[in-house]
Every structure is written in C-alpha cells, then in structure tokens.
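Spelled out, the chains give:
Number of protein chains: 2
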Amino acid sequence: MSPKITTELLKQLRQVMKSPKYVREPVQAYIVPSGDAHQSEYIAPCDCRRAFISGFDGSAGTAIVTEQHAAMWTDGRYFLQAAHQMDNNWTLMKMGLKDTPTQEDWLVSVLPEGSKVGVDPFIIPADQWKRLSKALRSAGHDLVPIKENLVDTIWTDCPQRPCKPLLTLDLSYTGVSWRDKIVALRSKMAERKVLWFVVTALDEVAWLFNLRGSDVEYNPVFFAYAVIGMNTIRLFIDGDRMMDPAVREHLQLDSTLEPEFKIQVMPYGSILSELQAVGASLSPKEKVWLSDKASYALTEAIPKAYRYLTPYTPICIAKAVKNVSETEGMRRAHIKDAVALCELFNWLEKEVVPKGTVTEIIAADKAEEFRSQQKDFVELSFATISSTGPNGAIIHYKPVPETNRTLSVNEIYLLDSGAQYKDGTTDVTRTMHFGTPSAYEKECFTYVLKGHIAVSAAIFPNGTKGHLLDSFARSALWDCGLDYLHGTGHGVGSFLNVHEGPCGISYKTFADEPLEAGMIVSDEPGYYEDGSFGIRIENVVLVIPAETKYNFKNRGSLTFEPLTLVPIQTKMIDVNLLTQKECNWVNDYHQKCREVIGAELERQGRHEALQWLIRETEPLIRVQ
Amino acid sequence: MSPKITTELLKQLRQVMKSPKYVREPVQAYIVPSGDAHQSEYIAPCDCRRAFISGFDGSAGTAIVTEQHAAMWTDGRYFLQAAHQMDNNWTLMKMGLKDTPTQEDWLVSVLPEGSKVGVDPFIIPADQWKRLSKALRSAGHDLVPIKENLVDTIWTDCPQRPCKPLLTLDLSYTGVSWRDKIVALRSKMAERKVLWFVVTALDEVAWLFNLRGSDVEYNPVFFAYAVIGMNTIRLFIDGDRMMDPAVREHLQLDSTLEPEFKIQVMPYGSILSELQAVGASLSPKEKVWLSDKASYALTEAIPKAYRYLTPYTPICIAKAVKNVSETEGMRRAHIKDAVALCELFNWLEKEVVPKGTVTEIIAADKAEEFRSQQKDFVELSFATISSTGPNGAIIHYKPVPETNRTLSVNEIYLLDSGAQYKDGTTDVTRTMHFGTPSAYEKECFTYVLKGHIAVSAAIFPNGTKGHLLDSFARSALWDCGLDYLHGTGHGVGSFLNVHEGPCGISYKTFADEPLEAGMIVSDEPGYYEDGSFGIRIENVVLVIPAETKYNFKNRGSLTFEPLTLVPIQTKMIDVNLLTQKECNWVNDYHQKCREVIGAELERQGRHEALQWLIRETEPLIRVQ
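Keeping their order, the protein sequence lines are chains A and B. Everything in the first sequence is counted per the UniProt record's numbering, starting at 1 for the first residue and increasing by one. Everything in the second sequence is counted per the UniProt record's numbering, starting at 1 for the first residue and increasing by one.
Take the hints with a grain of salt, since some may be wrong.
Computed list of lysine to aspartate or glutamate pairs in DMTMM-like fashion (alpha-carbon distance at most 20 Å, straight line) [to be verified]: (1) B:K98 with A:D365; (2) A:K549 with B:E67; (3) B:K442 with B:E529.
One side only, chain B facing chain A, incomplete, derived with CB under 8 Å [what the hints assert, rightly or not]: (4) M93; (5) M95; (6) K98; (7) D99; (8) P101; (9) Y218; (10) T359; (11) I459; (12) F460; (13) G463; (14) S471; (15) F472; (16) W478; (17) G481; (18) Y507; (19) T548.
Computed spacing ranges between beta-carbons, pair by pair [claimed, not checked]: (20) B:P259 with A:P112: 52 to 62 Å; (21) B:E8 with A:G279: 49 to 59 Å; (22) A:E379 with B:K188: 49 to 59 Å.
If you are wondering where the hints come from, they were derived from the structure by calculation, not from laboratory data. Positions of the beta carbon are idealized from the N, C-alpha and C atoms, including for glycine.
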C-alpha cells in the first residue's frame, strides 16, 4: 500500500480556499469530516471526500487543511492504516493519546490571528459545529459555513450519488408495520410536546418505512430524509424508485388512506427549503425534534427557540430494541453465517496447511462465496478483514493487492467478517493458527478469550449502561500489563447498519443508553502487537433477562446470549489460564454450536464441514 | 427520630418570597441548595439552611419550595434518612431512580406560566446556574439571583459564622512550602495563559497556604478566599487570626519578601468587590481562571469573555497527588487509627457479648476516645456511622438518642468512622457480628468482600479513570441479583477533607481525572437491606505503580496499596465463596495488619488489643 500523493490536490484546495468564486472571504483552514449529509459512518463513493483529499480511507477520521499544514485525526483502530495511506504532506493526529491536541487546540496553535475556518454545513453535525465554533471564537477565530463543498470543486471525476431500487420488507421480517411505527413515534412526540420530527439518519429512514436500499455499500440504506408531523408524513427521496409498484403498494401511495398516514413524496434536495418553511411557520412553544448530530445546515433551518435536540432520537432507541420477528431473524441469519464459516475454515485447513496458496484476498473471497450460498443473502455487512501475521495488528485492515499476504502455518490468521441477510446482519471475528501457535500467542489469545467470556457471561442490573461492562473485557489483559485501543462492542442493526446506536460497550461511550432486553451488541475484545499479530474474538450477543438467586429492589437482571455460533479455536487456548467456570463456558458454547449449527450443516448436506465442526468443538479438559 | 415540623417555617418562607423588602418581584419558587459560598460538602451550622428549612440534615440534598409544594432531591445514601427527618409538607425526590424528575423538569411541571425562580447567587455553583437557567428559560420561566438569602431572613437564631484560630503545617507534614505551591500554580497559569486564579474551595485555600482551621466540623478548613495573580497574592480572611505570630511567621507577613510572594490580607467580605475590580481592569485576551463550580456570584464578577472555567482547578489536581511526606503521614495516621480500632473492637467484644449494654452512641464515643489517645489527633473526619441491625441499612446514618440501638449478639454491626490527625486523614468501615451470623448474612458479606478485593487488587493501565473500576466492585453482587446504590470510592485529603476530587470510583462520575500514582481513594462496596442490616467494607488505598509481566505501549500499570490496616472479620466470610486468589489476598492483608499494627500495639503497650489482633488475623483455610 503506497501512500496517495496529495501535493497537487492540496495546492488546488488551498487555491479554492481563497477563491471568491466559492468563499465570501478567504478561509485559512478547511475541515473535511468523514461523514455525509446524514452523518453516516459508511458512505457512498461520492461522499468519500476525506479519502479523496488525503488517501486515508478508514471509516473514521477528520482532515483539516490550512495554508501550511494538513492534519488527520483518527482513532487507535486506524493509526497504522492512516500512516500507510497518507504521504508526507499529512500529519497523523492519534486520538486518545495524551499528547495529541484536539482539533480546536491545534487550529488555535497554528492559525494566524482572526482566521476563518471553513466547513460544509451539511456534513458537520450541529453538536460538533457548536463545540468547535465556541472554541474558535474564544480564541478570536471564526467557523464559517461554506455552502459549496470545496473538495467537490476540485474533485473532477467525482462519482454520481447512487439512486438504486428499493426493497420492501414485510411483517414477517419487521414484526411491526410502518404505520404502527409512525403511531409509536407520534406518541413519543406527543410525550415530549413536539410537533415535528426530522429523520436525518439513513438507517432511521429505512427502519421507519420498512424499506431497504443499496445506495451505500454494506449498509442496506438509501438516500432520503423524512419529516414527520402529527398529521403529515413527508419523504424526501430522488429517482424513479417511487415508481416501483411494490414500493407504491408497500407505502400505500395509491390507496385512500386516513390523511395522517398519507405519505407526501418530495425531491431529496428540497429538504432544506421545506424545513425552513416548517421553521418559519411555527408558533411559540411549537417544537421540532432533531438529533443533536443532525447537520448544522438542517439544524439551523429551525430557529433556535423551536429546536428540541436529543443525542438519540426515539427511532434510534426503538430500533435498537429488537422485537421477536427481528431476533428470530437474527438467529436465522447467524445460523446461516456460521454454516458459511464452518465451510470456510474447513476449506482453509485443507488448502493452507498442505498447499500454502491461499492469500488474504482469496480467503475473503471464499468467505463471501460461502455466505452467498445461503438463503436471503444480500451482501457483506462490511469490508472483510482477512489478515494474517502483522496485518492482523492493523485493526480495520482490508487486504489489497499491495499488502496481500499468504496464509501459512507460521502465522496467526484473523478474520472479521459479516453479511447482510434479508433476515438479519452478522459480524463475527475468529482468530486461528493453522500450525502450532507459540506459548506467548496462546497466552495472549487466552486473555482475550477471558475478556470475551467475562462480558458474555456478565450478569448486571436492568438500567446498566454498556460502558460499565467494558473493563470486564480488559481485566485479564490488564493483569499482565496488556490492553487494546478500541471499544469492546457496538450495537448491531437488524438487516441494517452493522454499527448502530444508542448502546455499546466502550470505555469511551458515556452517552450510551442503558442496555435493555432485545438489544443486540457485539462482544469483541482483542490484543494487537504492531508488526507481529492481531487477536480478536467477536460474537454478536443478544441482551436477555437473567435468572438470579436474589432480586435487589425488584430491578431484574440482564445477561447476554451469543447469537454467533462459530467454534473458537481450542488450539489457541492455554487451558491452564482458564478458571473452571470459563472452561465450562467454552464447552457449553461449543456444545451449542455443535447442536444448532451441526443440525443445519446436516440439513444442508455439508458433511465435511460438519466433521470439521465436531472436531473443533471437542470439550476442553482443565487439569486441576 | 421524629420529623421536623416545618408548616410555620414554610409559611414564613413563602411570605418573604413575595416580600418587596427582599425580592424585586415575587418569586414563585425558591431553591435552597446544600452548599455554602465555597460549595463545600460539609458546612458550618450557619450555612445549614437546607436542614433548617426541611429538617433533613444529610450531606447532600437540594430543597425547592414553591407556593404549593416543598420538594427535596437527595441520592440513594439518604432516601431513608430524609424520609425520617422530613414532615408531610415535603416530597422526597429519589435521585438516580428512573421515574424521579429532575429539578428543572419538576419546576416546569408545577410552576404557573412565566414564573420567577429565586436562588442565592453565592450558594449556587455557576455550572448549575447555567443548566437550570437555560432549562427554565426554554420553558418560559426565569432564574433570578436573590442577594439576601431568604432562609436567613426567617432564621432568627441563626448561629454566627465561625472564625477559629489557624494551625500552621511545616514542611515535614506538607513536603512542599506554600511559596513553591504558588510557583507551581503560576506555572500552570502561564501554561493556560491566564493572569489570575481565584481560589474558592476552602480545602484549596488551606492546602495552598499549608494552613489548617476548624471553622467547619470534621474538615480542617477556615473561611477564606484567595486570588493569585502572576505577581500578587490576595488572601481574603476575617478575624484576628492573622494577628497570631505563628501564622504571621508562617506566611512571612512581616518579612521583606520579593513582591510576588507578599501576601495582601483583605476582609473575607470584600472578595466580590475586589473580583469585580479585577474583572473591570482586564484587557482583551487576559483571562481569570475559576472552577466551573465556583458560585454564580463570583463567576459573574468576571465578564464572560475573560473567564477561563475548568471542572477541576490546578490546585485540586495537584492536591490529589500526594507527595512522599504526605503519603508517609497518611501511613502513620492509618497505623494509629488501626490501633484505636483494634482497642475498640476488643473492648466491644468484651462488653457486647456478655453484658449487652453498649449502644451505638456509646460505641461511637468509645471509638473517638481511643482515637483521641493517639498522637497528633485533631478531631473526627466525619460523623461516626455507628449502626446496628436495621440502622445499618441507612447508608449515612448517625446515631441520635431517638434511634440509638443497643449492640447485640443477634445483629450485624457496621462502623464507618475516621479521624483527622495532623499527619493524615482516615476513613474506615468494618462490619461485624458479635454472635453467629446467618448463612445469608455471610453470603452477602462475602460478595461485598469479593468486590472490595476486586478493586483493591485491580491492575490497570496508567491513564485509567476511576469510574472504569466501579463495576469490578459490583460483579459478585450482580451475579446474584444484588447491588448497592452508592459509588465505590472517593478521593481522601491529606489532613484535609475526607471527600475530595478530582478522582473517585463510581458509576456516576464521568468527569473524574485519571488515577495517578500518589492519589488516595477509598474502596467501599456495600450491601444494604432496608429494615434488616447494612454491610460495607472500606479501606483507604494508595495508587501505586504495579509490576506486570508485559508493558503494552510502555504505558505502565497501576494498582492499589491499602493504607487502612484493620482486620476484616473472618467470622463473616463464607470461605467457600472465595477463589484461592481472594483467599490469599485476605490472608496477606491480615498478615500485614499483624506485622504493622501488631508492632505498634506492642510499642504502645496495648497487649490485650494485640491478642485480639492476632486472633482476628488467623489465616483463612479454603477447602478445595
């Protein structure tokens, strides 16, 4: 992977930063955030402006270009990747390290007095705008919205915004009709005394209308906004997708409906002017509900006194708690996914060990091939992380020809992969060795496993926030002076984004909502040695009620049930480092894999993979 | 404990809330916070306005009186106590429970349109003012500062503000001279480019000048403010205490000093006008540093553009990291404290078991008597919680004649007590049974002990915040569906406040600063059953570097060393619920108690207590 040469691009960007054609006054700095106008984590190619200008294409990062400097802020998952992908024009700002300045501190330190800092108001979330603008103002600078995106002005071959057909999901998948979702949303709006709710996140639009799209790779969403009033529904969406009879039928566009369920379809680009019209029409005490992460542009459309901002929208919270149809769908999806992985690992063992011809890319492609054989497979849920040896230490690695290593019997192999099925979304990481792991590799793997089990088996009171469980995942590593520089888990959508709020398990997330039965998160501690190997063990787990001996204050308790049912390589485990309880957990888990996945492999006639599964789920025996 | 009858008082308060003598316009609600003008947790009798108006005298709570309602917000430690102490005029608002409204939500729900809400601007911290004022304004109400405290106007027998002599601390106690502390503070000020620092917290004034006082019971502080400039030092303090030759000598008030170390002594009451003068004298870009918890009145004295507010002051952070003189002092204080408690517990066993004549108050007094026999004893560090049976479930219980129970062989006894010695501050809780505890009591005690050990023995990377350790203390309880409704630990001062920032161990504290070697916190998980018993095991622990097998990213690791060395009653432990590691921890801890405290008991000729110590520190044996 050679870095992108950005000298010419930066020169051009610095020119437009001063060009009266685009800016009223020259800006001394220009911020290029990761997101799109919906604050999506995964974005369409036309929105990859930060990757275009810098070369760094990880999922999180913010670029700031000044007349002299170009700097990139990203987190621990991406330190190595960003360093590889960016040329010497760029300074890497490692977020989370003590000496790394914040964006505002850095700007204040490098900008000449009274500078203007520009940003696209559609891309920057309102809460970030507020924080940044305040910090800059207090240092004598100004944050200014630049209507035309300056990167777009120099991006001559920028791809078109996608506009692909939609998929309708019936009740057997969603459990709740879009009409009932609208009713529930309006009741939340009535509770908070707001008249309007603006849906800006793509997965929230998709979830609300029980529609799916494919405008963004890996995320089954489509470009749209919605504005829900107490008696009106406006859907802002482009293209002829609304001409599709299935979609018209699903949304009842041609039926005579009660007016409050009649959907008005409007052009995607008209959201700002429509919202400004809503803002202008409000009487005192009438409020409009927006996420505080909605774009600065849309937030500004509503005068301040009329805004009702919350960190999580009622849709985000409702979406996180899966209903029975959704959890059953997720179970089915994970069973199919496990079948594909058993096939893959069985195939890898046969190919890697004697032949040594399998590369990271071949392995990733093979994983996709096996998944695509499963019913209702749609696409992958994220770019497969297929990494061996030192590549495994690059936390969000994606193999490309320049970095593509061959799997061998001498290195640890880490595969983090998942798929979108029509009934659910998967995300699983397994770390394995095709030869004989060293004692040290086994030791590290076992600490990671202990952390994985500590979270998975944790029992905690109703109302507990996920971040309170994060240290459980680290305790065994901490005891030996080890750690990992990423969170432990994220919310997972139901045939939706593989990362979703409002819950998670992280030392960083303080604004998370309490875990509730029905929520689905990942449990994925790891350990990484730069230049050597990476270890991660990830299951997707469902929050379920726990039976406990006592019940303090009648609060009730929760725990997790793994939805992922793929063997954890016992060869990598140093059994003597496990407690008896942990050993039992592994054996119970493997027993369940054998029963549930074994039955499905049998049903699908995949006998060789079944033999592999049975071999890999032999009980551990702990010598006392 | 019968509740205070507040009908007449509330009537009077409601009258002054409308009286033009005190308020420009009538206020429809009046807020009575806990604190004093220094936002102290422990306050002088003249500042106990919330207790005066409501009867509830716990350390935390906010009263709000409207024309129709009177409501009290307090946290889980005080639910029972507040319910006992307040009459029917009051509604208890249980903070931390899901259905409890916030003060602002409640105000909005009960106030007539366009109301005014009054509060004393010297008592309310600026950050709370801001939050509250914003919430009220957005609902059409106004928060207004009422210069004269309305409770004081009806408090006819309000005691005088204390003004007691000062104690000077020499280098052998403090390790650093006040001059060097000023130099270090000014260097922090220079780093942040501020010209002035306003010291508002009483313990910060005391720490900065190496002075102690006794204006507030349990906290060795005195009423004063300080304003530190780059070349000036102003100390705002009343009375003839500055006439004391020892104090004059200590502060070098009569020496010819470099001007930047010359202390100007000014009247306590002149702080506001002096600060307003400072505020008026500032040029653009000149900043004044204040805690964001400083009073609204003082914060407003500095025009907004000139304020530099932080949640923790540089003094708060420096004070938390104890130097060698301070940690050695803390060690000595804890040894003396343990001697007193060994004497007490030995005495209790002799008195309670055969005679049954010891009440909670007698036990508390006896504890104080034994402590007062120790060298450099000053006073208690908080009101002794001496509680038996159901009183133990009242988390911050203080025995009074009406509630005073007799210790018996049938109940669990919980003693949470501590002292101020000239060399350090102690805070220790032990829970014991003088007869035969039930299996259930032992079970609960053992879970609490497991939590205590999990924190005490935790190893964690440098830079970890204390709140990340909180769940370790709860894990064993959670496994059985149990929990406790308070944090796990607080910072402890060095011959200063028994509760101090900026670190702690709590699920609630997200703004805590990372733990550092030299910080001192408490480790005090518990379990409480209303109406039955309370269990808590508390040690004061010092943060120390930990040796680990590996050292990820060269970050280094930390752990805790118990400073408290008082036996944990083994009779209460169900050894079979402990792991071998936990069992070893208890035995190692008891071995250290035996060695260190045994030697001191020997030295002090306290042979009977020594025998008790040896008996109580017999190793546990775990049957495999």
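For each hint, the structure was consulted:
A hinted pair counts as satisfied when its Cα atoms are at most 20 Å apart, and K98 of chain B with D365 of chain A does not qualify at roughly 49 Å. As the CA atoms of K549 of chain A and E67 of chain B are separated by approximately 47 Å, the hinted pair breaks the 20 Å bound. Among the hinted pairs, K442 of chain B with E529 of chain B is consistent with the structure: their alpha-carbon atoms are about 14 Å apart, no more than 20 Å. Interface hint status for M93 of chain B: violated, as the beta-carbon distance to the closest one in chain A is roughly 17 Å, over 8 Å.
For the restraint placing M95 of chain B at the interface with chain A, the shortest Cβ-Cβ distance is roughly 14 Å, beyond the 8 Å limit, so the hint is violated. Interface hint status for K98 of chain B: upheld, as the beta-carbon distance to the closest one in chain A is roughly 7 Å, under 8 Å. The beta carbon of D99 of chain B comes no nearer than 12 Å to any beta carbon in chain A, farther than 8 Å, and the hint placing it at the interface is violated. Proximity of P101 of chain B to chain A is violated relative to the hint, the smallest CB-CB distance being about 14 Å (cut-off 8 Å).
Because the closest C-beta pair between Y218 of chain B and chain A is about 31 Å apart, greater than 8 Å, the hint is violated. For the restraint placing T359 of chain B at the interface with chain A, the shortest Cβ-Cβ distance is roughly 30 Å, beyond the 8 Å limit, so the hint is violated. A hinted interface residue such as I459 of chain B counts as satisfied when its beta carbon comes closer than 8 Å to some beta carbon of chain A; here the least separation is about 5 Å, so the hint holds. A hinted interface residue such as F460 of chain B counts as satisfied when its beta carbon comes closer than 8 Å to some beta carbon of chain A; here the least separation is about 5 Å, so the hint holds.
For G463 of chain B, the shortest C-beta to C-beta distance to chain A is roughly 7 Å, which falls under 8 Å, so the interface hint holds. This hint holds: S471 of chain B has a C-beta 5 Å from the nearest C-beta of chain A, less than the 8 Å allowed. Proximity of F472 of chain B to chain A holds as hinted, the smallest CB-CB distance being about 7 Å (cut-off 8 Å). Interface hint status for W478 of chain B: upheld, as the beta-carbon distance to the closest one in chain A is roughly 5 Å, under 8 Å.
At its closest, the beta carbon of G481 of chain B sits 3 Å from a beta carbon of chain A; the interface hint therefore holds under the 8 Å criterion. Checking Y507 of chain B against chain A: minimum C-beta separation of about 6 Å stays under 8 Å; hint holds. Taking 8 Å as the C-beta cut-off, the interface hint given for T548 of chain B holds, the closest approach to chain A being about 3 Å. For the pair P259 of chain B and P112 of chain A, the supplied restraint of 52 to 62 Å is violated, since their beta-carbon distance comes to about 36 Å.
Range check, E8 of chain B to G279 of chain A: Cβ separation about 51 Å, and the 49 to 59 Å hint holds. A hinted range of 49 to 59 Å holds for the C-beta pair E379 of chain A and K188 of chain B, which are about 54 Å apart.
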